[in-house]
Amino acid sequence: MRAATLTFIFIISEYSIITGGDGNCGDPPEIANAEKVKNITSPKFRMTCKEGYLRGAGTSNLFKCRNNSWDNSPPLVCKRKGLLFSNTFAYNGVL
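Numbering (numbering that gives the first Met the number 0), first residue to last: 0 to 94.
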């Protein structure tokens, strides 16, 4: 009986860790120009922008599982890199 009780407690604690303690958040939302993320087993994670894009100033890439949904505030925005952020610079049309 004691082994069954301990097994039950272990299963419940693992479920709480996987779901963030608030429930099952499922897959996070898709964000334009961000890498798709699936099968998250942590109560929080960071999403990254695709290559060629940067996280917009004042936006957050941290997602937290709260009340059975993913919370991301202020919402992540991925913006295309401009010339100032490129690895190559042109001078008078010559690279």
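Quick caveat, the hints were computed from the structure, so don't treat them as lab data. Don't take every hint at face value.
Said to hold, decoys possible - Only pairs whose alpha carbons sit at most 25 Å apart, straight line, appear in this in silico SDA-like list of lysine to any residue:
| id | residue 1 | residue 2 |
| --- | --- | --- |
| 1 | K49 | E34 |
| 2 | K43 | P28 |
| 3 | K80 | P42 |
| 4 | K80 | Y52 |
| 5 | K35 | L53 |
| 6 | K63 | L53 |
| 7 | K37 | S68 |
| 8 | K78 | N23 |
| 9 | K35 | S72 |
| 10 | K78 | N67 |
| 11 | K80 | G25 |
| 12 | K49 | G25 |
| 13 | K37 | R1 |
| 14 | K49 | G81 |
| 15 | K35 | R1 |
| 16 | K63 | R45 |
| 17 | K80 | S68 |
| 18 | K80 | T40 |
| 19 | K37 | G81 |
| 20 | K78 | L53 |
| 21 | K43 | A33 |
| 22 | K78 | R45 |
| 23 | K49 | D26 |
| 24 | K80 | N38 |
| 25 | K43 | R1 |
| 26 | K43 | G81 |
| 27 | K63 | G81 |
| 28 | K78 | R1 |
| 29 | K43 | R65 |
| 30 | K80 | S41 |
| 31 | K49 | N66 |
| 32 | K80 | R65 |
| 33 | K49 | P73 |
| 34 | K63 | P28 |
| 35 | K63 | N32 |
| 36 | K49 | S72 |
Unchecked claim - Quick list of simulated restraints, FRET-style, between CB atoms:
| id | residue 1 | residue 2 | range |
| --- | --- | --- | --- |
| 37 | A31 | R1 | 48 to 54 Å |
| 38 | S41 | R1 | 29 to 35 Å |
| 39 | K35 | G55 | 32 to 38 Å |
| 40 | K80 | G25 | 28 to 34 Å |
Small disclaimer: the values here were computed from a predicted structure and weren't measured. In this text, a Cβ means the ideal position worked out from N, Cα and C, and glycines have one as well.
Evaluated hints:
1. K49 - E34: Judged against 25 Å, a Cα distance of about 5 Å means the pair holds.
2. K43 - P28: 13 Å, holds
3. K80 - P42: Distance of about 30 Å is beyond 25 Å: violated.
4. K80 - Y52: 5 Å, holds
5. K35 - L53: Given pair K35, L53 holds - Cα atoms ~15 Å apart, limit 25 Å.
6. K63 - L53: The hint holds at about 21 Å.
7. K37 - S68: With Cα atoms ~14 Å apart, K37 and S68 stay inside 25 Å; holds.
8. K78 - N23: Not OK: K78 and N23 at ~30 Å, beyond 25 Å, violated.
9. K35 - S72: Roughly 18 Å between the alpha carbons, so the hint for K35 and S72 holds.
10. K78 - N67: 28 Å, violated
11. K80 - G25: 31 Å, violated
12. K49 - G25: 22 Å, holds
13. K37 - R1: 36 Å, violated
14. K49 - G81: 14 Å, holds
15. K35 - R1: 43 Å, violated
16. K63 - R45: 9 Å, holds
17. K80 - S68: Between K80 and S68 the Cα gap is close to 30 Å, so the pair fails against 25 Å, i.e. violated.
18. K80 - T40: Violated, at roughly 31 Å.
19. K37 - G81: Not satisfied, since the Cα-Cα distance of roughly 29 Å exceeds 25 Å.
20. K78 - L53: 5 Å, holds
21. K43 - A33: Distance ~17 Å between K43 and A33 Cα, so the pair holds.
22. K78 - R45: 17 Å, holds
23. K49 - D26: 18 Å, holds
24. K80 - N38: At roughly 29 Å apart (the allowed maximum being 25 Å), N38 and K80 break the hint.
25. K43 - R1: 33 Å, violated
26. K43 - G81: 30 Å, violated
27. K63 - G81: With a Cα-Cα distance of about 30 Å, the restraint between K63 and G81 is violated, given a limit of 25 Å.
28. K78 - R1: The given pair, whose Cα atoms are some 55 Å apart, is violated under the 25 Å limit.
29. K43 - R65: 9 Å, holds
30. K80 - S41: 30 Å, violated
31. K49 - N66: With a Cα-Cα distance of about 28 Å, the restraint between K49 and N66 is violated, given a limit of 25 Å.
32. K80 - R65: Violated, at about 32 Å.
33. K49 - P73: Answer holds: K49 to P73 is near 19 Å, not above 25 Å.
34. K63 - P28: 12 Å, holds
35. K63 - N32: 20 Å, holds
36. K49 - S72: 19 Å, holds
37. A31 - R1: 48 to 54 Å: 52 Å, holds
38. S41 - R1: 29 to 35 Å: At roughly 31 Å between Cβ atoms, R1 and S41 fall inside 29 to 35 Å, so the hint holds.
39. K35 - G55: 32 to 38 Å: 19 Å, violated
40. K80 - G25: 28 to 34 Å: The hinted range 28 to 34 Å holds for K80 and G25, with Cβ atoms some 31 Å apart.
In summary, the numbered hints that this structure violates are 3, 8, 10, 11, 13, 15, 17, 18, 19, 24, 25, 26, 27, 28, 30, 31, 32, 39.
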